Amino acid sequence: MDVSVTFTLNGKQVTVKAPAAKSLLRTLREDLGITSVKPGCEAGECGACTVLMDGKAVTSCLVMLSQVEEHQIVTDEGLVKDGKLDPLQEAFVEEGASQCGYCTPGFVMSAKELLLEKPNPSENEILEAIGGNICRCGAYPRIVSAIKKAGGEQH
Amino acid sequence: MEEELEQKYKSITRSVPRVDSEPKVSGALKFITDMKIENMLFAAVVRSVHAHARILSIDTREAEKISGVKAILTYKDIPGLNAYGAIVPDAPVLAYDRVRYYGEPVALIAADTEELAREAASLVKIEYDPLPVIRSIDESIASSAIALHDNGNIARHTIIKRGDTERAKQEAYLTLDRTYRTPFQKHMFLEPEGGVAYIDESGIINVFAGGQSPYRDKLQIARSLNIPPEKIRTVDYPTGGAFGGKDDVTVQIHLALLAYKTGKPVKLWFSREESGVAGYHRTGSEIHLITSVDKEGGLLSNEAQIYLDTGAYQSFGPTILDVSIETINGPYRIPNYTINANLVYTNNGFSSAFRGFGAPESNFAIESMINELAAELHLDPIDIRLKNILMTGEEGPFGNTVRHSDGLREALMRAKRSKIWAGALQNKKPWQRNGVGIAVAIKGVGFGTLPDYPTAAIEIATEGKVKIMFSNVDYGQGINTGNAQLVAEKLDIPLNQVEVRHADTKYSPDTGSSSASRSTFTSGNALLMACSKALDRLKMEACLYFGTTNEKLEYKEGRFYYKDKSASIYELAKGLKARGETLRFESTFEVPRYPAPIEGTLEVPHVVYMYGTMLSSALLDELTGKVHINQVEFYADIGTVINPSIASGQIEGGIVQGLGFAITEDLKYDASGKPINNNYTTYIVPSVRDVPDIYVEFIDSSEELGPYGAKGVGEISIIPAGASAAHAVYNASGKWVRDLPLLPWKLI
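Residue numbers (this note's numbering), protein chains in the order written: chain R, 1 to 155; chain B, 1 to 748.
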């Protein structure tokens, strides 16, 4: 049965009518045109659909639409301000942290949560933050250096 | 060195960001499976629930009753050849009388929604008569085994010989007899196989699907639909990872068939689990080596029996077997050898290309053997290699003349001086043991002796851009960026004036596939030729413009100069355009090759080879048997490095994937032939915690046959990872593990 759910998406209020148990991932992709969230597994294993929910990184495939009522959701697209990349995204570009690019938005969002909490994280905190994201191209070393770089810059 | 290069070149040898990295990191890039077309149908595939069975009947009546179902297709609906496969088309597009792997496609559904398509798929009734399941190479080659195909269970068998191995063995100081095994490795790209197809106003079937070979896919689609290839367009960019697993057809023929039959746009996209059962994997290998050396460690002979498990069908199997043959003697001087190579059918899913293409399998065997020989002889593993590696100008084991092999010697010398080679790890825990391992790798660039004529094009756009077109798909390697740098260099223009048209048969000429570490070499060379052609023509136009003939004109920074006048290539292009002349310049490069393969092979040897040397430091937990590779050093000879950041990224990524192959990745099939571990929870790919500190160094090298001296890079680092890690584990534990992966239970 469809429900009507209102939440904030990248700073704007949106209302969606869809089944209550529809995943946030599919809602974003199918109803709201947000495609940075990627269904790599739809089981919470790969992290490619990570978004911020009230500042916390969550895999959107495991969040039901009914759970986001009145919450704040931010996706990778939402970090771009006035056409300018977020410093974290910029660091990913500079460090060559993206190969095929499919997992990249998920990594960016997991790292964003960390940097929001700890602007200058330790290496271990970085590994912890992206431990649930998989990059099959194996760009991990560059992803870690991008996050370090952004951490330093935001400090 | 780097500074010198920076002065020599303006665009290449520089670490510019990927041309498509901004849209990738900001989430703006729409991948093919993100595509949505109005009124598109959703497809589902009805798959075999047996690994081996006869099909007695297919009943679609219940499924047809579901409203919203627009098509149910079986083998009867295939207008052309009901088979596909890049080398030998032996896999049915839709099974008709028999299925040979769990998950084999039997019927296709297209419906208004995904849910309806899946529901209808579940209602297709297939009656099976199960047949014995062949689960291993041994079972397959047993005389009592049921034949999986008309040609039996050995898809390809060949013997290649040189010298007299029997005599060499008798004269040898030491002969070791070992069997090495490698597992099925699953590609596990983050974007599962998928795409969209539709028919446009001009009747062209447009197939957008993640892939590596737009033109080969197009031919395979045409063959099965029985329509001319000109009626098909394939688009492959952006693809979310491939690694060989999208080199052969995945969804393309099914998509095209459904669009053709329904006349509507159709989307087909595998779930992770579906990718797990339906997608390809690396060949499993069992390699028996009998290798002899003299007292000083000089290699005398190598007898190899290679068995590769291709699963139910061949796909690239015959050529994968060739690469495993070519790799089994390593980069070594081996006067006597016998290689008995076999490609074997089983019911273990479906093997196809995977980065390295038979080389990681053989490399694990020969490099482990070299390490074992060194240990037996109490020789330094680097010294034994230095003694045996071929030098520039020498004839290789397959009759090729070695070019630029010095890169490997230099790499070994540097490895010898490295810190991790010299010293045991400090500050390890009392229950940890540490060891360092080494392996070297050799890999041919491209298709060996197979004729290969890549074509690429550039277009001088009058608005001040140069568009470049080629069919190698950029699925993360960075070929779009590397090629843009090559063209900017050649035309002496800023990189931002070069615009890459992504792999799309509507615009891109046929440069062949993104595979075999060939893209830079093939499209790079063809693009440079196209640039020369354009400059030749524009020079004539410049003479006309300057009111002169046959003058030697100076050309720099995108402009021709004559006396006090100058004109940019874009201004000159306007002149051509005004007269209706083409601004597109296309060239075909003939890939250098030996005239014929050596007897018993399809494409051995290559002319140009890449080299790699990998040191691994292992930390072994004695209590649990868990292996962690904490440090890796990699020395690569890839020729000129077009973009150091991207090339390093490729090397690092290959190491990470190679360590997965070495330590955790192990696709398994149960007794009924069903894959057991087909998601990220059960099939363990490396996470950030598994990644060592990686140090990459490029050996100064230039290959004059390559574009500005470049060779290739994509596959070289995954190849030695297995043997390097296993050697490190031996040095930590005293145990030789000869069957990958290095799982804990093998070490306690």
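Just so you know, the hints here were simulated from the structure itself, not pulled from any lab data.
A quick note: this is a predicted structure, and the numbers were derived from the prediction, not measured.
Wrong hints could be hidden among the right ones.
Claimed, not checked - Derived Cβ-Cβ restraints for the label pairs, each shown as a range:
1. Lys-84(R) with Lys-125(B): 14 to 24 angstroms
2. Pro-23(B) with Gly-55(R): 21 to 31 angstroms
3. Thr-8(R) with Gly-580(B): 49 to 59 angstroms
Glycine is no exception: its CB is placed at the ideal position from the N, C-alpha and C atoms.
Violated hints, by number in ascending order, as checked against the structure | 1
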